[in-house]
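Protein sequence lines correspond, in order, to chains V and W. Letter 200 of the first sequence, counting from 1, is numbered 200 in our numbering, and no numbers are missing. Converting from the second sequence to our numbering requires adding 1000 to each position, the first position being numbered 1.
None of these hints come from the bench; they were simulated from the model. All of these numbers come straight from a predicted model, not from anything done at the bench. Cβ atoms here follow ideal geometry from the backbone N, Cα and C, with glycine treated the same way. Hints may contain errors.
To be verified - Each computed DSS-like pair below joins lysine-lysine, with the alpha-carbon atoms no more than 27 angstroms apart:
1. 138/V with 200/V
2. 200/V with 1118/W
3. 151/V with 138/V
4. 26/V with 1211/W
5. 1356/W with 151/V
6. 1031/W with 200/V
To be verified - Which bits of chain W does chain V cover? Going by a derived footprint, with three or more residues having C-beta under 8 angstroms, they are:
7. 1211–1217
8. 1344–1351
9. 1354–1364
10. 1370–1379
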Amino acid sequence: MDLGLSEEQEMLKKSARDFLQKECPKRLVRQLDESDEGYSSDLWRKMAELGWLGLVFPEEYGGSGRDFLDLAILLEEMGYNIVPGPFFSTVVLGGLAMLAAGSEEQKKQFLPKIASGEMILSLALTEPAASYDAASVKTKAKARNGEYVIKGTKLFVLNANVADYILCVARTRKTKNPEDGITLFLVDAESPGLECTLLKTLARDKQCEVVFDNVTVSERSVVGKRDEGWPVVKDILQKAAVAKCAEMVGGAQAALDMAVNYAKERVQFGRPIGSFQAIQHYCANMAMDVSGSRFVTYRAAWKVSEGLPAALDAAIAKTWVGEAYGRVALSAHQIFGAIGFTMDHDIHLYYRQAKAAEIIFGGADFHRAIVAQELGL
Amino acid sequence: MVFAFSEREEAFRKEVEDFVDKELPPDWVEKNIYWPAGYGTLAQFEEPSPQVEQFTRRLAEKGWLTVSWPKEYGGAGLSYVEQAIFHERMSYYRAPAGEIATRIGGPTIMLFGSEEMKKEWLPRIARGEVRFWLAYSEPNAGSDLSSIQTRAIEDGDDLIINGQKIWGTAAHVSHYAWMIVRTDPTAAPHKGISLVIVDNAAPGVTIRPMKNICGFYSFNEVFFDNVRIPKRNVVGEMNKGWYYLMVALDFERLAVPIGGFRRTFEEIVQYARETRHNGEALSQQPLVRNRLANMAIQIEIAYLLFWQTAWMLDRSLVPNIEASLLKLFTTELSQKLANTGMQVMGHYGQLEGDSKWSSLYGRVCLGCLDCISALVGAGTSEIQRNIIAMRGLGLPPK
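Modelling step: build the complete structure from the supplied sequences, incorporating the hints.
Dropping the structure here:
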């Protein structure tokens, strides 16, 4: 057993930390949060140049051929700094789905473009039911003269507002088992009948309502096998949950670091507040939450990397880390007191991230149910 | 023991209900996005609207801004329990019902102010004509409040004030600072502080609103540069301000928007009843039921703590530890309620109020942010625990 990072991974971690500190200061984070686009094309280009956008794609598709654990390490640093933008939706949700299920032709056409930063992807999965089970996919795609016509409303779709293509999960056949009859389509975001509306959210991430009003796509836009798309979605959801955990671990670490530094400097009653037991206990609890979260996330990421069954590990991680990040961010807020309640302070940026991350790809209740199921209950 | 209201109390409650029904603007529910115990989203932070002004005037006419005050000072001359009934109903409807001047400043003046001060201030407060803000904290004096440095120096019949206050909630829409200043720098920290009233319009006062994480301008930085006030604005005796302040803080901690918890909870329950997922109402899901039951239990406990403090005041008992317990319990409940709302609503909980997809006017989204302030204002949870541990349980301070 070896629980340490390899030299290559350490380098990736350090270079990511340094790069983001310089290129993605909180001033930019706020500016992007408040903008409608939510990303900086300049930063996006630089991330492409560093090879981040193609990190996990094989070299033949313009990537660097690294594994999922490496991606998790990068995401942890992105969470530590907070990097607004469509990285998660393009690389984790769209990119990994294309890699797993796309045809050779599709992979050759799209992956190099993702890696080079020329293409932004978005995954349109959730609908007004706001759930991650197959039964909630109601959007229909009807076959007609060698084409498909998609009709339905997708909701809480990340970064669809800036996406070039939207990977849409739609129902192509009505079946008894809701997991059958689902197909993935790669839809040009400019298609007639497709309308995207930005939602204003707590985390100021760019979630959208995407309405497909009889959007016509060709047969070539089907990703994977017709009617057999759900296993692909399930696989992506599992990876997304683990990837989100990695991002959360970084965020929780940042909140802890900020709070501890402040507790050492802030003087009340003639001594640093960090010398008070109440604050010390908060910090201890936070540190415990962060390390627990990191370990459980790495284990799940390693299993995904190795291609081992990871359903239970992913569910445990998402349950635990989702709640832990929330606790850490709230405790940090409590340590900062009133100054943390100002818009000018940075800690609320992390708290907002924590709340959004807790919900996306299934909240704690959703994953606890999976844990129970995986335990054979 | 009787846990039910008396006939008189029941009749008063009905009268308050009828009043709200008739007088509260019909669109108030959607307009007021206040989260119980938060400091960040009170409707009063905006320039007071004509509707709010009129509602406040109507309350004042009935003496209800100051239910338990004697009639000679403009009150309704009713009991503390009746006052609690009034505030329970008002907070349930998230109605504006007086704040700092009527609930903190006035009651403190009543206890410690000179006869002259009572005559000058109490009737005006009861009529809703003056709004106070709390000028306590300074950049380096938060929880450690007795280390304040804002100085007031005697000059004939006046005091001259220099210094800076921070976190003055609603200072920018108020008339007077209810303020602690250092008047004797040679005495021990607690013994050189006086409580004074300062006109916002006095030359040398600069108010700078600050934006909170909910996006509201709720609190302020306020600078005092050679601000001159008459000595008659000193509450009680010079250098005894710390003692008065402790009582004023208890009044503040008792001013819990208890009805707001019930109302918000009912709205979340209603959401769970009406929202169906795969053909089943959310309220049928065991996990959701469990969470909601958990909240219901804690809201009941909060109510009992609330009624207890009013009952004590009617018997001339001083709710000091009880005020801290009530404050601690309800503010932490505020956070749990926001969390429960978010868990029940899932993705929809994070939506702001202006989307066609949002529910409960985006209250839960803002509430998740606003509830953070509840555990900080009026003495942090840590300070409340210290009070309970040291004053209540007699634990040693060092």
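Proposed proximity, residue 1118/W with residue 200/V (alpha carbon, max 27 angstroms)
49 angstroms, violated
Check the hint pairing residue 138/V with residue 200/V against an upper bound of 27 angstroms on the C-alpha distance.
Judged against 27 angstroms, a Cα distance of about 24 angstroms means the pair holds.
Apply the coverage criterion to the segment 1370–1379 of chain W and chain V: a residue qualifies when its Cβ sits closer than 8 angstroms to a Cβ of the chain, and three qualifying residues are needed.
Contact hint for the segment 1370–1379 of chain W vs chain V: holds, 5 residues under 8 angstroms.
Do the alpha carbons of residue 1031/W and residue 200/V lie within 27 angstroms of each other, as the hint requires?
18 angstroms, holds
If you look at each residue in the segment 1211–1217 of chain W, do at least three have a Cβ nearer than 8 angstroms to any Cβ of chain V?
holds (count 4)
Take the segment 1354–1364 of chain W, compare each residue's beta carbon with every beta carbon of chain V, and decide whether three or more fall closer than 8 angstroms.
With 3 residues closer than 8 angstroms to chain V, the segment 1354–1364 of chain W meets the three-residue bar; holds.
Proposed proximity, residue 138/V with residue 151/V (alpha carbon, max 27 angstroms):
9 angstroms, holds
Examine the segment 1344–1351 of chain W for residues whose CB is less than 8 angstroms from any CB of chain V, and state whether their number is three or more.
With 6 residues in contact (Cβ-Cβ under 8 angstroms with chain V), the coverage given for the segment 1344–1351 of chain W holds.
Can you confirm whether the C-alpha distance between residue 26/V and residue 1211/W stays at or below 27 angstroms?
17 angstroms, holds
Quick one, are residue 1356/W and residue 151/V close enough, alpha carbons at most 27 angstroms?
Cα-Cα ~20 angstroms, so holds.
Violation of the numbered hints given earlier is confined to hint 2; every other hint is satisfied by the structure.
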